[in-house]
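Assemble the complex: chain H is given as a structure, and chain B must be docked to it using the hints.
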Amino acid sequence: MKLKRIAILALALVFSFTSTMVLAGNLVIKGSTTVLPIAQKVAEAYMKQNPDVKISISGGGSGNGIKALIDGSTDIADSSRFIKPKEVSLAVEKGAYPVPFAVAYDCIVPVVHPSNSVINLTLDQLKAIYEGEIKNWKELGGPDRPIVVISRDTSSGTYEVWHKKVMKKDRVFPGALLQASNGAIAQAVSKNKNAIGYISLGYLDESIKALMVDKIVGSEETTLNGTYPVSRPLYMFTSGWPKGDTLNFINFVLNPEKGQKYVRDARYVPLY
Amino acid sequence: MRKNSQTGEGRQRKERIIRFFFFSVALTSITILTLIVVFLFWEGLPIFCKVSVYDFLFGRYWYPTDDPPDFGIFPLIVASLTVTAMSAVISIPLGVMTALYLTESASARLREWVKPIVELLAALPSVVIGFFGMVIVAPFLQEIFNIPTGLNLFNASLMLAFMSVPTICSISEDAIYSVPLELKEASLALGATQWETIARVILPASLSGISTAIILGMSRAIGETMVVLMIAGGAAQLPSSIFDPVRPMPASIAAEMAEAPFRSDHYYALFATGVVLFAFTLLFNLVSEHISNKYRQVGAATL
Numbered sequence: 000m001k002l003k004r005i006a007i008l009a010l011a012l013v014f015s016f017t018s019t020m021v022l023a024g025n026l027v028i029k030g031s032t033t034v035l036p037i038a039q040k041v042a043e044a045y046m047k048q049n050p051d052v053k054i055s056i057s058g059g060g061s062g063n064g065i066k067a068l069i070d071g072s073t074d075i076a077d078s079s080r081f082i083k084p085k086e087v088s089l090a091v092e093k094g095a096y097p098v099p100f101a102v103a104y105d106c107i108v109p110v111v112h113p114s115n116s117v118i119n120l121t122l123d124q125l126k127a128i129y130e131g132e133i134k135n136w137k138e139l140g141g142p143d144r145p146i147v148v149i150s151r152d153t154s155s156g157t158y159e160v161w162h163k164k165v166m167k168k169d170r171v172f173p174g175a176l177l178q179a180s181n182g183a184i185a186q187a188v189s190k191n192k193n194a195i196g197y198i199s200l201g202y203l204d205e206s207i208k209a210l211m212v213d214k215i216v217g218s219e220e221t222t223l224n225g226t227y228p229v230s231r232p233l234y235m236f237t238s239g240w241p242k243g244d245t246l247n248f249i250n251f252v253l254n255p256e257k258g259q260k261y262v263r264d265a266r267y268v269p270l271y
Numbered sequence: 000m001r002k003n004s005q006t007g008e009g010r011q012r013k014e015r016i017i018r019f020f021f022f023s024v025a026l027t028s029i030t031i032l033t034l035i036v037v038f039l040f041w042e043g044l045p046i047f048c049k050v051s052v053y054d055f056l057f058g059r060y061w062y063p064t065d066d067p068p069d070f071g072i073f074p075l076i077v078a079s080l081t082v083t084a085m086s087a088v089i090s091i092p093l094g095v096m097t098a099l100y101l102t103e104s105a106s107a108r109l110r111e112w113v114k115p116i117v118e119l120l121a122a123l124p125s126v127v128i129g130f131f132g133m134v135i136v137a138p139f140l141q142e143i144f145n146i147p148t149g150l151n152l153f154n155a156s157l158m159l160a161f162m163s164v165p166t167i168c169s170i171s172e173d174a175i176y177s178v179p180l181e182l183k184e185a186s187l188a189l190g191a192t193q194w195e196t197i198a199r200v201i202l203p204a205s206l207s208g209i210s211t212a213i214i215l216g217m218s219r220a221i222g223e224t225m226v227v228l229m230i231a232g233g234a235a236q237l238p239s240s241i242f243d244p245v246r247p248m249p250a251s252i253a254a255e256m257a258e259a260p261f262r263s264d265h266y267y268a269l270f271a272t273g274v275v276l277f278a279f280t281l282l283f284n285l286v287s288e289h290i291s292n293k294y295r296q297v298g299a300a301t302l
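Residue numbers (numbering that gives the first Met the number 0), protein chains in the order written: chain H, 0 to 271; chain B, 0 to 302.
Hint data in this document are derived by calculation from the structure and do not stem from the laboratory.
We put the CB at the ideal spot given by N, CA and C, even for glycine.
Warning: the hint list may mix true and false statements.
[Stated by the list, open to error] Restraint ranges, calculated between C-beta atoms of paired labels, are given here: (1) P84(H) with A122(B): 54 to 64 Å; (2) P142(H) with E288(B): 21 to 31 Å; (3) V87(H) with A25(B): 24 to 34 Å; (4) F144(B) with P173(H): 20 to 30 Å; (5) P45(B) with P36(H): 52 to 62 Å; (6) D66(B) with E256(H): 36 to 46 Å.
Bound conformation, chain H alone (with noise of 0.2 Å):
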């Protein structure tokens, strides 16, 4: 028995050992749509630095990301959220060991018209605006308009952190607005006084006012030292310590000189 799972074992590191051989100077990266924005600009510079890697990025979702690290179809896998208990034993069972590198930070702040004189908002009333129990501004301290809510559409990154987040697993009510990107909030915000939104920190412009959640300003600052609650890591995962061209892609996305300014570009937090 013991030595029927040795074999085993042998045989997985041998089949992992030959991929990697298959795949030298290829670099395959899979995973969430959230963090596929940060892969594709972080590996359009990495090529033009490095000629000889060829680097292709595919989305997925997160799950599929890190289904395909523990089947060894990709080198890493970009995921919006931690890898789950289930994937951990599952990885393990299969002879890979994944190791997270949170590579930016999502920051998602509330959106208002800037004619709104309501600055603060607190998890509970956001809560409750969204589940359609507070429709009006004021019952917020706000002038007296009805709340118009805008979300973003179920399968969204975004609306996924809101979701869990804000909403706490409760569900956004049938009467909420659909927009289908950030900047499709953002445009819809600025053209009515009674919106509400939400929207990716890097998104934000003069046309629209941006809310504190719980009295803290969602910002870079806030988002790194953890007081700002509506925020998340993003990650890349590695089968094992990164060997060879995925150490150095890995590396050179955590370079703040280097990657981390393309998370900037890709309107993420950036770690530094």
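Positioned in the frame of chain H, the structure of chain B alone reads:
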């Protein structure tokens, strides 16, 4: 003699090749259409292992990514139908009356000017119309009617009406134009006024063509995606007034498909929504086919 028969054979062969060429061209588009339909059903039907057809079509809640998810597209179907019906209410009078004016009372010079302009409306990219509705019309409606949001059923219907007017107008114009001159002349000769001629002779004679025009215009409206995605508001609820935001089926598919995990239940459900949408447009086309066959204008004698 021999030479003659050879050239005859050569010509026949050429004929056959040409016929085969056209046959295969025609077959290509049919094959592609068939493949798309097969693919649509193939990717859409698996959702019915998870949800019953009844719950899918008549479920009131659409929460595809929740745990447990709800896949009810009833609000989406109602949204599509109300938006289409509303836009028909606006676009039919506009389109048909424009067509009547252009064929029956506009001077030839004016007609030469107006017709291309109306048809230019059809050439406007839908995203431009959507942007116009979002940036200009929505704030305007909100101000005028004092409603919470300008992104709603009415705004979307208005923009869709703009898009279907050219279709309705140019097809009904052709229908009206093809009403035999004898009919019109006979009516006028009997002492009918121009209005009576239009209402009692021309309109009934071209009714089949106008109906086809209306239905084609409506099927354009029900399948239109960009406009409803941008300005219908997107709330997956049953509307209680024409100023409520709604989410028609194409908007839901377009907004969610890009990031729905491949071959997940959500993905299947979106394809199944596509199947429902396809069923609606197919129905529209069948109805228009039926009408134009049943009331076909054969000649001056059919009235």
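Status of each hint after checking the structure:
no.: 1; hint: P84(H) with A122(B): 54 to 64 Å; verdict: holds, 57 Å
no.: 2; hint: P142(H) with E288(B): 21 to 31 Å; verdict: violated, 55 Å
no.: 3; hint: V87(H) with A25(B): 24 to 34 Å; verdict: violated, 57 Å
no.: 4; hint: F144(B) with P173(H): 20 to 30 Å; verdict: holds, 22 Å
no.: 5; hint: P45(B) with P36(H): 52 to 62 Å; verdict: violated, 31 Å
no.: 6; hint: D66(B) with E256(H): 36 to 46 Å; verdict: holds, 41 Å
The structure shown violates the earlier hints numbered 2, 3 and 5.
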